[in-house]
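Single-letter residue listing:
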Amino acid sequence: MKKTLSLLLALVMLLSLASVALAEEPIQIGVVYKQTGNPFFEAAVRGFEEASKELGFEFIHNGPADSSNEGQIQIIEGYIQQGVDAIAISANDAAGVVSVLQSAMDQGIKVVSWDSKVEPEGRILNIDPSVAQNIGRVQVEEIAQQIGGEGQIAVLSAGATMDNQNTWIRYMQEELEKPEYAKIELVTIVYGDDLTDKSIQEMQGLINSYPDLKGVISPTTVGVAAAAVAIKDNGLSGKIKLTGLGLPSEMAEYLKDGTCEAMFLWNPIDLGYCAAYASVALVKGEITGAAGESFAAGRLGDKEIMEASDGGSFTLVGDPFRFTPENIDDWKEVY
Amino acid sequence: MERMISRLPKWMRRWEWILVILILLVFALFSRLQPDNYTIPKLLNQTRVYMVDVGFLALGILVVLILGDIDISIGATAALSVTVMAVTYNQGNGIPFLLAVALMLLTGALCGFVNGLLVSRFPELFPMIITLSTLTLYRGIAYIILKDQSSGRFPSWYAKDLGYGSFRLFGLDVPIMLVCILAVLPVYYIWLHKSASGRRIFAAGTNLTASRYSGVQTGRIKVMAFTLNGIMAAVGGFFLTSRTGSVKYTLATGFEMQAIAIAVLGGASTSGGRGSVIGLLLALILMTGLKNGLMLVYNDAFILNLSIGLLLILIVLIPNIAGRIRRQNTVRRQRMSLQKT
Amino acid sequence: MPEKTRKPGALSALFKQREVGLFIILAVLFLLVGLRNPAFTTGSNALFILEDTAIMMILALGMLCVLLVGSIDISIAAIMALSTMTAGIVMKQNLNITEIQVVTDGVMGSATLRESTPLILLVIIGMGVGALCGALNGLLIAYGRVLPIVATLGMQYILYGVSHVVSDGQAVYRKDMPDSFINLSRQAFLGLNSKIWFMLVVFAVMFLFLTYSRQGRYLYAVGSNRESAAMSGIKSPRATLIAHIIMGMLAGLAGLLYASRDTKITQDMAMGYEMYIIASCVIGGVSVSGGRGKAVGVLLGALTMGVINNALTMLRLTGNSEFWKKAIQGALILAAVVINVIIQRSKERRVLRDRRI
Amino acid sequence: MKKQALVLQMEGITKIFPGIRALDDVRLDLRRGEIHALIGENGAGKSTLIKVFTGIHQPDAGLIRLNGEEVEMTDPLAARRRGIAAIHQHLATYPDLSVAENIFIGNEQTLSGLPAISWRKTREMAKALLASLGSDIDPMAEMGTLSVAQQQIVEIAQALSQNAQVLIMDEPTAALSLRESEELYSIAKGLRAKGTSIILISHRLEDIYSLADRVTVLRDGHYIGTWDIGETNTEMLVKHMVGRTIDQFYPKKEAPVGEPILKVDGLSRTGFFEEVSFTLHAGEILGLTGLVGAGRTEVVEVLSGVTRPDKGHIYILGEEKAITSPHEALRQGVSLLPEDRQKQGLLLPWSVQDNITLPRLDRHKKRGLLSPGSEAKTGKEYIDMLNIKVRSGQDIAESLSGGNQQKVVISKLLTCGSRIIIMDEPTKGVDVGSKAAIYQIMCDLAAKGFGILLVSSEMPEILNLSDRALVMREGRISAVFTREEMAPEKLLKAAMPLDKSRKGSAEYA
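Just so you know, the protein sequences line up as chains A, B, C and D, in that order.
Residues in the first sequence are numbered consecutively from 1, following this note's numbering.
Residues in the second sequence are numbered consecutively from 1001, following this note's numbering.
Residues in the third sequence are numbered consecutively from 2001, following this note's numbering.
Residues in the fourth sequence are numbered consecutively from 3001, following this note's numbering.
Everything labelled a hint here was simulated from the structure, so no lab data went into it.
Keep in mind the model is a prediction, meaning the values are calculated, not measured.
There may be inaccurate statements among the hints.
[Unchecked claim] As a list, the in silico BS3-like pairs of lysine-lysine whose alpha-carbon atoms are at most 25 Å apart: (1) A:K198 with C:K2175; (2) B:K1194 with D:K3377; (3) B:K1194 with D:K3380; (4) A:K332 with C:K2347; (5) D:K3311 with C:K2347; (6) D:K3343 with C:K2235; (7) D:K3448 with D:K3493; (8) B:K1194 with D:K3127; (9) A:K332 with C:K2294.
Chain A with its partners taken away, still in its complex shape:
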C-alpha cells in the first residue's frame, strides 16, 4: 500500500509541475453567505455584481447547503487556496470562523463581514445593515402602533444561537422597558430555527396557548413568512398583528391582504454593493479598516467607519426600510 501511495504522490507532483502560475490578475473577492438558495443572499450577490461592473474586480460566491459553520470554513479554506484578495462573509457562527479567517488574514487576505458579523478578531471591517438598536426599536414601535399600545405580544425568532437575532431581541426588550410600552407584555420568545414548517408549528403553538395574543414580531425572513401563513390559515389576519424583517418577494401577498400591515428590511443589494466597495478599498490599501476612516461606496456615497460596540470597527448601510401595502409593488420583483 505504501508503494502505491508514493507512486500516486509522484504522479500528482508530475502533473502539478506543468502548472506555473502568475501574471497580473484583477482583484478577486470570495463571497461567503449563510446558505445556498436563499433569495436574500441572491439579492446581495446582485449587489456584488453591480459593484464589480463599476470597479472591475472578479468575485466568486458560495454558501453551504445546510447553513453550517463547518460548511463555511470549507468554503473559506477553498478561497484561501485559490488566493483570493478579500473575503466577504455573512457568518453562520460569529465565533466559529474566527480562527480560519485569522489564518486568511495572516496570508494578507482582507476580511469583511456583512449582514451577520464575525467577531472582531476575525474581521477587518463589519458592514452592518443598520444599527442593531434601531432594528430592534423600529419593530417594537411598529407593533406597538399596530396593536394600539397595549396587549400581549410574542417574538418568533430564528435560532436561539443566532447572534444577530439575539442582539435585536435584546434591544427590543430594552425598548419595551420604556414607560410608553408599559401596557405591552412580551409573553414569550419562540424559535423556528429558520425552518418554515417548524416556524409554522411554533406560531400555531403561540396561537393555541395564548388566546389573547395581540401581536407578533419575527425578526427573520423565514419566520415572518411562516407566521403570516399560520395567522392567515387561522383566519386571524388583522386580529393578530404581525411585523418583522421580511422579504418583499415573499411577503407581498400578506401585505396586500392585510395579514401584515408593515414590515422592515434593509436592502440586501446595497449591503452586497457596500461590502464589495469596502473589500476593494481594503485590498487597494485605501483604507485599513480603522475607525475614523471613510471610503467611497459608489452610489451610496461616502461611508464612514466607526467604533463598534464589540470593539471592532463597522460601517452602516442605512436604516431598515419600511415596506407597506402602498410601496410593496415597487420592491416585490427586486428581492
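Following the hints, complete the assembly by docking chains B, C and D onto the known chain A.
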C-alpha cells in the same frame, strides 16, 4: 485467480486497488483543470479540512459497521464531548486544559457506552432508531449546557498550532493534525486486523450466532465497539474544534453520514463483517481530492454532494455485479469439467 | 393452536395488542402536557395535531411497505424535495395572474386570480417523479444488491443535488403558486382539513392493499421468510421494488402537501424528516427486520411523534427552559421505543408460557 | 403394474453447487398412482433432487419428462402450475403470518369475481383441511406461535390444498405423533387410489414397507437403483444406502464408563422443556433422541449457555455451575457442536484456518498480536488430523462439502479441549465417508475419557454408538435405556407423543 479473490484479505485488496485507481483519476483530472491551485502543497493543506476530523469519526464508525450495526449519533457525541471540554476549561476556573480534554474523552466514551448498552440490550430495535434518539438527546444536553453561547478562548497551542500549524517535511508543509491521524492509523490498523480482539469484531459482524457459539462474548464486544466509537467521535470533535476555535452545540451536525460514507467507500459493509483501515485511508484521500477539486471547479455545495452520492452507489454496485459474474464463471467452469468427465 | 388456551382473560387479551401500549404512552403524554398547558388538551389542538401529523402519517404508511420487505429508505426527504421542486417549477412557469374586480359589501375591490397547470397534473407530476426515485432505489436494492442504507444514503445526496440543479438554487414562493395549489392543504370538508382527508384515503388504500391484495400479502411474506418465499415462487426482488415505488409515490404526495402548507418549496425541504418517519414506524410496532407491522400501528406511531413535537411547542418553555426541548424530545422518543419493546417482550413471554411443546 | 403410465421421468440429473456435485447423473421414474419411496443417508441428495424437480434449483444437466413431454421447471410456480406439490423437510413457513394464510399463500382464495382475498373463505377452507388431518389448529393463529409438530401439519395441509397430480413428501412425519402419521398415511393411500403419484422420503424403513410400491436408493449424490418393494429387505436397503454393512460402518466402542462429569437436575425452560434430569459420565456416549421439536436442541442450548434455564441445576465435576453464556460454558469445559453448522457452526466467508482458530484465539497471541504462523500450524494440524479435504487452510469454508464443513466445526470443538462434548445431529447432511470418520472421532474421544452427549434423530446412530439413550417426548424425558435394553421399537414408542395430549392442549397451557 478465483481462489485468490475469494480469500478475504485478497478481497480487501481488490477494494483498495479500485480506490487507488479512482484517486489517480481524480487527481489527474483536477490538476489539469486547476493547475495553479490543485497542487501537492495546497492539497496537503486542505487535508486539515477534509481528512482529519471526519477521518476520526470514520475510524470509530468503521468498527461499528464491521459489527453490522450503525451509529448516527456520533456527530452529536462529538458536539457534547467538546462542549464539556470547552465549558469545564472556560467556566471551571483554572482547570488545566489537559484535564478538560480528559473529561471530553470520558464524555465521548460514556455516550458510546450508553449506545452500546442499549443496542446490545434491545436487539429487536434497529440501532439506527436507538442512536437517532440518543443523537437528539446528546445534542439536546449540549444545548442545555451551552445555550445560545459559543465557548472558545482555548490555549493557543491548541486553537492555533494544532488547528493551523504544520511541520516542514521534505520541503512540504504537513499540517500537524494530518500527522496526528496518520500516526493513529497504523496503530488502529494493527489492532483491528492483527489482534485477537480485532479478529473477534470481524467474527461477530460476519455471523453473530456462530461467533457466540464459538465463545466470542458478542454482547461485551458490541458495548466495547460503541464505546470506542464514542471516543473516536470525541477525538474528531477535538480536532474540528481546533479549527473552529470555539464550540457551539450545532458542531459537527450531519458528520455521521459523511463518516459512514467514507467507511463504506473504504470497503465497509453496513451488513457487517467487512471493512479495512487501509481502505478507509484511501477513501479519505479520495474524498479530499474529489471534494476539494469540485470545490475549486464548481464551487457549489450541492454539486459536491451529488457526485459523492454517485460515487458511493457505484463503488458498492460495481463489485456486486462483478461478484455475480464471477460466481457464474465458477459454475460454468465446473460444468465444463463435468462435460470432460 | 386453540385460542382459548391463549386467552386467560379478556383484559390481558386486550393488552396483547401492541397498539394498547401506544395508547397508554399517548394518554400519559397528554396528561402531563395538559397539566402544564390546558390549551394542549383542547379539541381544537387535538385536531391541529392530527392535521399537523397527517403528512408524517402518509410518509409512515409508505415506509411501512419498505420496512415490511426488510428494506429501508432514508432518502424520502430528498425524494420529497425533488418531486415537489419539479412540480413547483412547472407551476411557476405556467403561472398567470389576473387582476379581477370584485364587489365586497358594496365596496369595489380588486383581487388577484392566479391560475397555472391544473392541480391534478401537478399532483401527477409530483407523485410520478417520486415513484421514479422510489423505483431507482428499489432497483439498486433489489437487483443491484446494494444494501438499503447505503443505496438510499447515496440517493439522498444525489436527489438533493439534482433538485438543486433543476431549481437552479431558486426557491418557489407563494407568489409563484396558483391558488389551487395553495388551497390544496387548506380546504376543509366536513370540518376536517384536506390533509387529514388525504391521509385517510391513503390509509384506506394501503390498508386494503396490505390486507386483501396478493401483492400486499407478498410484502409480508417476503419480509417474514425470504427462503420460503423463494420456495413458493414469490419474487422477493419484485416485492422490494414495488414497496419502494409506493414509498416514492407517497413521498411525492406528502411533499406537495408539505409545500402547499408552507407555501414555499426549497431545495433542502424537509431535511432530516426521514429519521422521524422511521422512528414513528418503529414506535408503531413495525419490525425493521421485516414481515411485521400494521397500518393502524403506524398511524398511532406517527401520532405519538406528532404529539411529542406539538407537546414541545405547547410546553410554554420560555427563556432558558427553551434549551431543554431537544433533550426532552430525544428522551421521549427513546422512552416510547423502549417501552414498546418491553411490552412486546412480555407479550411474547405470555405466548411461550401457553405454547405446547 | 409394470405397464402403468409414467407420470414423471428424470434422467441424468446433475446439480452443482460451488465446490460440490450434489447430484451426479441421477434418474428417477414415477408411475401414475404409485407411492415411490426415495431413500438414502443424510446428504445423499434426496432433498436436492426434490428441489430440482420442484423448480427451486435448476439442474446443470439432465432432463425432466412430465407425462411423456419434456418440461423445464424454471421456478416453483411453474412446477406448481404443472400440478406438483411438495412438503419440504425444512419447514418453509411464514412465522409472522396466520396458519390459514400459510396454507393458501401462492393460491389465495379470492372473493368471487374480485382480485381481493376472501379471508372468510381462506379461514374456512383451512379449517376443513386441518380437520381432514385430524387437527384442531386454529387457522387464525400466528404460525410462529405453533409447535414444530403443528407447523409440520400446516405444511402438509398446504401441499394437500393444491390437489396435485404429483405429491412429494420429504420426511413428513419427522415431528408427528403415531396417530397423526397414520392419518397422513391413510390420506396418502387415498390419494394413490385416486391416481395421485407420491414421492415419499422417510428415514423409517417400516413406514416405507407399509406404504411404498417401489423404492429408489441414492448415495452421495449417485443413483444406486430402483426396486419393487417386494424384492427388497431391510439389510439390503441399508447396505445400498450405507455402502457397506452396519458392523463395518459403526466402530466398536471399547471405552470404560468412568465417574460422572455432568449432572443435570430438574432443568426447565418455559415453553421448551420441563424437569429434565440426567447424568453424563467420563468416557460415555449418552444418546439423546426424540421427535423433531421434542426439546432436545433446546436442552443442549441451555447446557452450552446459548439460552438460560428458568429452573434447575447443572453440576460439572460435582459442583454446581451457572452457565450464563457459551463463553462461560467453554470455560467450564462444555463444548457444543451446533445443529445448524451453516448458521451456528461456521463463518462461511472465512477461511478454514480462521474458523478453526476462532474459539481459542488467545493461544495464538505473540506479544499481544495474532501470530499467523501459529494459526497456520494449528489449522494444518487439525486439517491433517481429521483429513479435511482442502487445498490449503486458506480455502473459505463456504466452498467445502457438507462433510468437510462438519469436520471443520469438529476441529473448532476439539481446539477447546472441553471434557464435556455435546454433538447435536453431528452427521446431518454429511456424506457417508465423513460420517464413518465422525463416528470414529467420537469413539476415540470417549476412549480418551471425554463425555459425549449425542443428540440425534437417526435411530441407527443412537443404537450403535451410545452406551445409554435418553428419549424425549414433548419436553420431558420419557425413557432411559441401557445399551442392552435398546431396541428400535422401544425408542420409537417412547418418542411418540401420547395422542390424547395432541387434542385441545389445555392441560399443557
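Verification of the supplied hints:
no., hint, verdict
1, A:K198 with C:K2175, "holds (21 Å)"
2, B:K1194 with D:K3377, "holds (17 Å)"
3, B:K1194 with D:K3380, "holds (20 Å)"
4, A:K332 with C:K2347, "violated (61 Å)"
5, D:K3311 with C:K2347, "holds (21 Å)"
6, D:K3343 with C:K2235, "holds (24 Å)"
7, D:K3448 with D:K3493, "violated (34 Å)"
8, B:K1194 with D:K3127, "violated (59 Å)"
9, A:K332 with C:K2294, "violated (49 Å)"
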